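Q: Go by the hints and put chain B onto chain A.
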Amino acid sequence: DSGVTQTPKHLITATGQRVTLRCSPRSGDLSVYWYQQSLDQGLQFLIQYYNGEERAKGNILERFSAQQFPDLHSELNLSSLELGDSALYFCASSVGGGGTEAFFGQGTRLTVV
Amino acid sequence: AQSVTQPDIHITVSEGASLELRCNYSYGATPYLFWYVQSPGQGLQLLLKYFSGDTLVQGIKGFEAEFKRSQSSFNLRKPSVHWSDAAEYFCAVGSFYAYSGAGSYQLTFGKGTKLSVIP
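From first to last, the protein sequence lines stand for chains A and B.
Counting in the numbering used here, the first sequence runs from 2 upward without gaps.
Counting in the numbering used here, the second sequence runs from 77 upward without gaps.
Next comes chain A alone, as it looks inside the complex:
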């Protein structure tokens, strides 16, 4: 158990809908990272937050957004969902803003039908 908790574990939704994925980092970790894992693209970095502030942005679509709350949990919002958004979404956390290893949650498997 990495200490990073993601909910829900599975999510099935229809195209055009909006979903929210939730992540609770390890106790004491200030950084949260979101990744998307698909068969064709591999592990793609989406976005990072550090202590509530956006710190880095990767290949995140404009339809996607995220935030980190004062209690340090984070949410990834995916809207206007398309079939191609079906993937495994991982959250990871680390102690600092960088230079350390990240610990991953079990992921949320999103299926868009």
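No lab work stands behind these hints: they were computed from the structure.
It is possible that part of the hints are untrue.
Said to hold, decoys possible - Chain A regions said to be covered by chain B (calculated; three or more residues, Cβ under 8 Å):
{"hint": "1", "stretch": "44–53"}
{"hint": "2", "stretch": "56–64"}
{"hint": "3", "stretch": "102–112"}
Quantities reported herein were computed from a predicted structural model and do not represent experimental measurements.
Yeah, the Cβ is synthetic: ideal placement off N, Cα and C, and Gly gets one too.
A: Frame of chain A; chain B shown alone:
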């Protein structure tokens, strides 16, 4: 920009045989390097990491990796593979860069190498 290449998409070894998974990175400065393992339906688990110092690092489950700066490589090895090692392995590089006027840090992953173990 930093990048990670894992040249082998799929490797099959016999149980008890030795293993080497290749990883090459591209990064202008001294990188932070990691190997993660992902079992089916699971998240990524950290096997080992290299930040500085001894270029041969030991990890969990009997794995080790060697950092070779001249070859920009960080290959993962295990002397004797067990059936439970069957999984997907990801190499990652941690790099620093400027973002919105502040320092930022990103983990970039390779595409992964799937390991199958024959009994």
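Q: Taking the hints in turn, state whether each one holds.
A: Structure-based check of all given hints:
1. 44–53: holds (count 3)
2. 56–64: With 4 residues close enough to chain B, the hint holds.
3. 102–112: holds (count 7)
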